[in-house]
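What follows is each chain in one-letter form.
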Amino acid sequence: MEIVYVYVKKRSEFGKQCNFSDRQAELNIDIPPNPELAEQFVERNPVDKGIQCSTSMSEHEANTERFEMETRGINHVEGGWPKDVNPLELEQTIRFRKKVEKDENYINTIMQLGSIMEHCIKQNNAIDIYQEYFDDEDAVEVTEEAPSAKTINVFRDPQEIKRSATHLSWHPDGNRKLAVAYSCLNFQRAPEGMSHESYIWDLENPNKPEIVLKPSSPLVTLEYNPKDSHVLLGGCYNGQLACWDTRKGSLVAELSTIEFSHRDPVYGSIWLQSKTGTECFSASTDGQVMWWDIRKMSEPTEVVILDITRKEQLESALGAISLEFESTLPTKFMVGTEQGIVISCNRKAKTSAEKIVCTFSGHHGPIYALQRNPFYPKNFLTVGDWTARIWSEDSRESSIMWTKYHMAYLTDGAWSPVRPAVFFTTKMDGTLDIWDFVFKQCEPALSLKVCDEALFCLRVQDNGCFIACGSQLGTTTLLEVSNGLCTLQRNEKNTASSIFERETRREKILEARHREMRLKEKGKVEGKEDDQREEEPILTLEELVTKAEEEFFDIIFTELKKKEVEAMKKSKPDLKADEEVEGEDQGEEEAAHVETPT
Amino acid sequence: MELLDRLEMAEVEETLKRLQSQKRVQVIMVVNTEGIPIKSTMDNPTTTQYANLMHNFILKAWSTVREIDPQNDLTFLQIRSKKNEIMIAPDKNYFLIVIQDPTE
Numbered sequence: 075m076e077i078v079y080v081y082v083k084k085r086s087e088f089g090k091q092c093n094f095s096d097r098q099a100e101l102n103i104d105i106p107p108n109p110e111l112a113e114q115f116v117e118r119n120p121v122d123k124g125i126q127c128s129t130s131m132s133e134h135e136a137n138t139e140r141f142e143m144e145t146r147g148i149n150h151v152e153g154g155w156p157k158d159v160n161p162l163e164l165e166q167t168i169r170f171r172k173k174v175e176k177d178e179n180y181i182n183t184i185m186q187l188g189s190i191m192e193h194c195i196k197q198n199n200a201i202d203i204y205q206e207y208f209d210d211e212d213a214v215e216v217t218e219e220a221p222s223a224k225t226i227n228v229f230r231d232p233q234e235i236k237r238s239a240t241h242l243s244w245h246p247d248g249n250r251k252l253a254v255a256y257s258c259l260n261f262q263r264a265p266e267g268m269s270h271e272s273y274i275w276d277l278e279n280p281n282k283p284e285i286v287l288k289p290s291s292p293l294v295t296l297e298y299n300p301k302d303s304h305v306l307l308g309g310c311y312n313g314q315l316a317c318w319d320t321r322k323g324s325l326v327a328e329l330s331t332i333e334f335s336h337r338d339p340v341y342g343s344i345w346l347q348s349k350t351g352t353e354c355f356s357a358s359t360d361g362q363v364m365w366w367d368i369r370k371m372s373e374p375t376e377v378v379i380l381d382i383t384r385k386e387q388l389e390s391a392l393g394a395i396s397l398e399f400e401s402t403l404p405t406k407f408m409v410g411t412e413q414g415i416v417i418s419c420n421r422k423a424k425t426s427a428e429k430i431v432c433t434f435s436g437h438h439g440p441i442y443a444l445q446r447n448p449f450y451p452k453n454f455l456t457v458g459d460w461t462a463r464i465w466s467e468d469s470r471e472s473s474i475m476w477t478k479y480h481m482a483y484l485t486d487g488a489w490s491p492v493r494p495a496v497f498f499t500t501k502m503d504g505t506l507d508i509w510d511f512v513f514k515q516c517e518p519a520l521s522l523k524v525c526d527e528a529l530f531c532l533r534v535q536d537n538g539c540f541i542a543c544g545s546q547l548g549t550t551t552l553l554e555v556s557n558g559l560c561t562l563q564r565n566e567k568n569t570a571s572s573i574f575e576r577e578t579r580r581e582k583i584l585e586a587r588h589r590e591m592r593l594k595e596k597g598k599v600e601g602k603e604d605d606q607r608e609e610e611p612i613l614t615l616e617e618l619v620t621k622a623e624e625e626f627f628d629i630i631f632t633e634l635k636k637k638e639v640e641a642m643k644k645s646k647p648d649l650k651a652d653e654e655v656e657g658e659d660q661g662e663e664e665a666a667h668v669e670t671p672t
Numbered sequence: 004m005e006l007l008d009r010l011e012m013a014e015v016e017e018t019l020k021r022l023q024s025q026k027r028v029q030v031i032m033v034v035n036t037e038g039i040p041i042k043s044t045m046d047n048p049t050t051t052q053y054a055n056l057m058h059n060f061i062l063k064a065w066s067t068v069r070e071i072d073p074q075n076d077l078t079f080l081q082i083r084s085k086k087n088e089i090m091i092a093p094d095k096n097y098f099l100i101v102i103q104d105p106t107e
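If you read the sequences in order, they're chains C and P. Numbers 75 to 672, taken from our numbering, label the letters of the first sequence in order. Numbers 4 to 107, taken from our numbering, label the letters of the second sequence in order.
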C-alpha cells in the first residue's frame with residue numbers, strides 16, 4: 075500500500091516569497107492495526123535468548139581540560155649575594171670572599187669537610203666501588219628441569235579396519251602439516267576391504283584429515299618434496315612409485331610403470347637435491363635402488379643392484395629396508411639392508427660395481443633406520459634388532475657406540491636436528507626413548523610410553539621440539555619435548571665431537587689389535603705346520619724319557635772309557651801313577667755318584 | 004689574632020691543596036648556603052652554574068633524608084656519572100664540592 079502526500083502549488087504562485095506560518099498538525103494517514111496479519115505469525119515459545127552472567131558495565135567518554143605544557147630554559151645568574159655587594163663588581167665580590175674566608179666558622183667547617191672528602195677521594199682512588207663483577211661470564215642458563223615430553227595431539231586412523239602408520243613426513247614450510255602413510259606390513263595379511271588411502275593431517279584439526287591421497291596400492295613411504303611443498307612422493311606396497319600434487323587433487327598425478335618398478339614394497343624413498351627438484355630415488359627389499367625423475371615415471375633413470383660381491387647378481391643382492399641421503403654429501407648415499415649390513419655407496423662411480431664403496435656389519439636383523447648426524451655427517455645412527463648403534467665412517471668393523479640390548483625390538487630412530495648428542499628411538503612395546511649421550515650413556519635420558527601397541531615410525535620436526543610417532547593401529551601421536559632437549563647446550567658440539575672422536579679412536583685401536591692378533595695366529599699356525607713336518611715319528615712322553623736316559627748313560631760310559639784309556643797310557647811312568655790312580659778313583663767315584671740320582 | 008687567623012687560613016689552604024693534589028681530582032669548590040661560590044679552582048661562569056645546580060640538589064637531598072626520618076641527617080652526597088664523579092660534603096653553612104674522575 076503506497077502512502078502518498080501530494081504537494082500542490084499554483085503556477086502563478088511560483089517564485090513568490092515564502093510566508094511561513096504555524097498551523098496545527100494534520101492527520102494525513104491513519105493505519106489501524108490489522109489483526110488478520112497476526113495469523114501469519116506464530117508465537118515463539120520457547121524463546122532463545124543469550125544472556126551473559128557478568129557484571130554490567132557502562133562505557134563513558136569524558137573530555138578533560140587540556141593540560142598546557144611549556145618548555146623553558148633557565149639562565150643561571152649569580153645571585154644570593156647580600157644586598158650591599160654588587161655581583162658585577164669584582165672588588166666587592168673579592169672583598170666579600172675574603173671576609174668569609176676569615177670567618178672562624180668557615181675554617182672549622184672546611185677542616186671538617188675536608189677530612190671527610192679526603193677519605194672518599196682516597197677510597198675512590200683505591201678501588202672502584204661500582205665495579206661490575208663477573209661481567210664477562212654470560213648468564214648461566216642452567217636447565218635444572220628434568221627432561222620431559224608431553225602429548226599435544228593424537229591423530230587416529232578414521233578407517234574402521236586399522237592399518238599401521240608406516241611413515242611420516244613433515245610439511246617443509248612451517249611444519250603445520252603432517253603426511254602419514256598407512257599400510258599393513260604383515261606379509262599377505264592385509265585384511266579384505268582395507269583402504270589404500272593415506273592422509274595429510276593439519277596439526278590443528280585431529281578429527282578429520284585435511285587431504286586424502288588415493289593410490290592404487292597402500293603406501294609404505296611418503297615424503298614431501300623439500301623444494302616444492304605441494305608435491306609428495308609415495309612408495310607403494312606393490313613396488314610402484316607414485317607422485318601427487320596436492321593442488322591437483324587426491325588422485326595420483328604420476329605413477330611408475332609396474333614392469334620397471336620394484337618387485338617388493340618400496341621401503342625407502344627420498345627426494346634428491348637437484349636444480350629441477352624433480353629427482354628422487356627409492357630402495358626396496360628386492361635388492362635394487364632406482365633413480366627416478368618424476369616428469370618421466372615410466373622408467374627409472376638408473377638402477378643399482380645391491381650385491382656386495384660386486385657381481386651384480388640379483389639373486390645374491392641384499393634387500394634394502396632403509397635409505398639415507400644427506401644433501402650436504404650429494405654423491406654418497408647409504409642403504410640399510412634386511413641382513414643387518416649397511417652399504418655405503420657412491421653415486422658418481424663409473425661402473426655399477428664400483429658404486430658399492432664399503433659395508434658395515436654389526437646388526438643381527440634388518441636395519442630399520444639409518445641417518446647421518448646432522449652436525450657431524452661422518453657419524454651415523456642405525457637402528458635394528460634390539461639395539462641402536464652409532465657408527466663412524468672410518469671404523470668399518472664395528473660401531474663406535476651402541477645401546478644395550480633392549481627387551482623389545484627397535485623399529486625406528488632419528489637424530490635431533492638441533493642437538494648433536496640427542497637421538498630418538500621407538501620400540502615394539504610402544505615406548506619412545508630419548509637418548510642424550512652427553513648426559514647419560516647407559517640408558518635413555520627419557521623413556522615415554524606413548525601407546526600400548528607397537529610404534530612403527532618416528533619423525534622429528536626441523537625445530538627439534540615436536541616429534542610425531544606412528545603406531546601399529548594407525549594412531550599418530552604428536553609430542554612436544556621440554557626445552558632442555560631442544561635447545562643447544564653450551565659446549566655441546568665440542569663435547570659430542572670429542573666423544574665421537576674418542577670412540578672412533580678406541581675402535582681403531584681395537585681393530586689394529588685384532589689385526590695383529592690375527593696375523594700372529596696365522597704366523598703361529600704356519601710355524602707349527604713346519605715343525606710337525608720334521609718330527610715324523612711322534613713320540614710319547616715315556617718314550618722321550620727312556621730315550622733321554624739312554625743318551626745320558628751313553629755319554630757317561632764314553633767318558634769313563636776315555637779316562638781309562640788315558641790312565642793306561644800314563645800308568646807307565648811310575649812318578650805320576652799314584653796321582654793318576656787317585657784322579658781315576660775320584661773320577662770313578664764321581665761317576666758312581668752321578669749314576670745314582672737318575 | 005691576625006697571626007692565628009693567618010695560621011688557620013693557611014691550614015685551610017693546605018687542606019684544600021692536599022685535596023686538589025689527590026689523584027684524578029679535577030675541581031674543588033666551596034659554596035655557601037646562598038649559592039655563592041667562595042672558593043673555586045674553575046673559571047667563574049662554570050663555577051656559578053655548578054653552584055646553582057648543586058645548591059638545589061643538595062637541599063632536595065637533605066630534605067628528603069630528613070622527611071623519611073627526622074632523626075637522620077645527610078652526611079655525604081656522591082653523583083657518579085659516565086664522565087666524572089661529583090662529591091659533595093654538606094654542612095650547615097657551607098658545601099665542599101669536589102669533582103673527580105672515576106676510577107676505571
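It should be emphasised that the hints constitute simulated quantities derived from the structure, not laboratory data. Be careful, since some hints might not be right.
[To be verified] Using 30 angstroms as the maximum straight-line C-alpha spacing, the simulated DSSO-like pairs for lysine-lysine come out as follows:
| hint | chain 1 | residue 1 | chain 2 | residue 2 |
| --- | --- | --- | --- | --- |
| 1 | P | K26 | C | K172 |
| 2 | P | K95 | P | K42 |
| 3 | P | K85 | C | K176 |
| 4 | P | K95 | C | K176 |
| 5 | P | K63 | P | K95 |
| 6 | P | K95 | C | K172 |
| 7 | C | K349 | P | K26 |
[Stated by the list, open to error] Sample of chain P residues at the chain C side, in silico, Cβ under 8 angstroms:
| hint | residue |
| --- | --- |
| 8 | L19 |
| 9 | S24 |
| 10 | S84 |
| 11 | N87 |
| 12 | E88 |
| 13 | M90 |
| 14 | I102 |
Using N, Cα and C, we set each Cβ at its ideal position, and we do this for glycine too.
Hints, verified against the model:
1. Proximity of K26 (chain P) to K172 (chain C) is assessed by CA-CA distance (about 28 angstroms); at most 30 angstroms being required, the pair is judged to hold.
2. Between K95 (chain P) and K42 (chain P) the alpha-carbon distance is near 17 angstroms, which keeps this suggested pair within the 30 angstroms criterion.
3. The suggested pairing of K85 (chain P) with K176 (chain C) is violated, with an alpha-carbon distance near 37 angstroms, which exceeds 30 angstroms.
4. For the proposed pair K95 (chain P) and K176 (chain C), the alpha carbon gap of about 17 angstroms is at most 30 angstroms, so the pair holds.
5. As the CA atoms of K63 (chain P) and K95 (chain P) are separated by approximately 14 angstroms, the hinted pair is consistent with the 30 angstroms bound.
6. About 20 angstroms separates the Cα atoms of K95 (chain P) and K172 (chain C), which keeps this hinted pair within 30 angstroms; it holds.
7. Only pairs whose Cα atoms come within 30 angstroms are accepted, and K349 (chain C) paired with K26 (chain P) is rejected, the gap being roughly 71 angstroms.
8. The beta carbon of L19 (chain P) is positioned within 8 angstroms of a beta carbon in chain C (closest approach about 7 angstroms), and the interface hint is therefore held.
9. The beta carbon of S24 (chain P) is not positioned within 8 angstroms of any beta carbon in chain C (closest approach about 10 angstroms), and the interface hint is therefore violated.
10. For S84 (chain P), the shortest C-beta to C-beta distance to chain C is roughly 11 angstroms, which exceeds 8 angstroms, and the interface hint is violated.
11. Contact between N87 (chain P) and chain C, as hinted, is not supported at the beta carbon level, the nearest pair being about 11 angstroms apart and thus beyond 8 angstroms.
12. A least Cβ separation of about 7 angstroms between E88 (chain P) and chain C falls short of the 8 angstroms threshold, and the interface hint therefore holds.
13. Given hint, M90 (chain P) at the interface with chain C, holds; its Cβ is 6 angstroms from that chain's nearest Cβ, closer than 8 angstroms.
14. With a least beta-carbon distance of about 11 angstroms to chain C, the hint placing I102 (chain P) at the interface is violated under the 8 angstroms criterion.
Going down the numbered hints, you'll see the structure goes against 3, 7, 9, 10, 11 and 14, while the others check out.
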